[in-house]
Amino acid sequence: MPTHHPSAHEAHQDLAAIQRCLDDLSRSVDRLRRRLGDDGLEIRRVRTDADHLRESVALLRAATLAPDTPARPDLVTIPDTPYDGSLWTDSDDEGLGARDRRAP
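Going by the working numbering, the first residue of the sequence shown is number 1, and it counts up by one from there.
Mixed in with the good hints there might be a few duds.
What follows is a set of in silico ranges between Cβ atoms, one per label pair, in the way DEER data are often shown [what the hints assert, rightly or not]:
#1 52 x 72: 29 to 35 Å
#2 28 x 56: 42 to 48 Å
#3 36 x 65: 36 to 42 Å
#4 74 x 37: 30 to 36 Å
#5 9 x 35: 25 to 31 Å
#6 57 x 88: 40 to 46 Å
Worth flagging that the hints you see were computed from the coordinates, not collected in a lab.
Being a predicted model, the structure only gives us computed values, none of them experimental.
Even for Gly, the Cβ is constructed at its ideal location relative to N, Cα and C.
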């Protein structure tokens with residue numbers, strides 16, 4: 001059975017519907033919190049979970065609206081000509097130490 005890949009417009013509509021549901025959830029949680037008080041562990045957990053859902057949907061929306069192809073980094077051309085040897089005059093050879101000293 002072929003899978004249906006939603007268009008960007010359909011995804012936007014779905015995300016908007018989710019956002020409306022989350023807005024309704026937040027309003028309901030706020031009403032419940034006013035009735036029950038804010039000091040109960042359970043209501044704080046529900047409020048925190050609703051906040052996490054809101055953040056997750058915001059991240060999903062950002063990822064969905066991002067371009068499909070990742071930005072390609074600028075390429076740096078590395079010349080084939082040898083480097084100037086004077087660049088390495090005071091350098092140590094990795095693993096061997098300084099040029100004027102012998103390894104133990």
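Outcome of the hint check:
1. 52 x 72: 29 to 35 Å: holds (33 Å)
2. 28 x 56: 42 to 48 Å: Since the Cβ atoms of residue 28 and residue 56 sit about 18 Å apart, the hinted range of 42 to 48 Å is violated.
3. 36 x 65: 36 to 42 Å: holds (37 Å)
4. 74 x 37: 30 to 36 Å: violated (57 Å)
5. 9 x 35: 25 to 31 Å: violated (40 Å)
6. 57 x 88: 40 to 46 Å: Cβ of residue 57 to Cβ of residue 88: about 54 Å, so the range 40 to 46 Å is violated.
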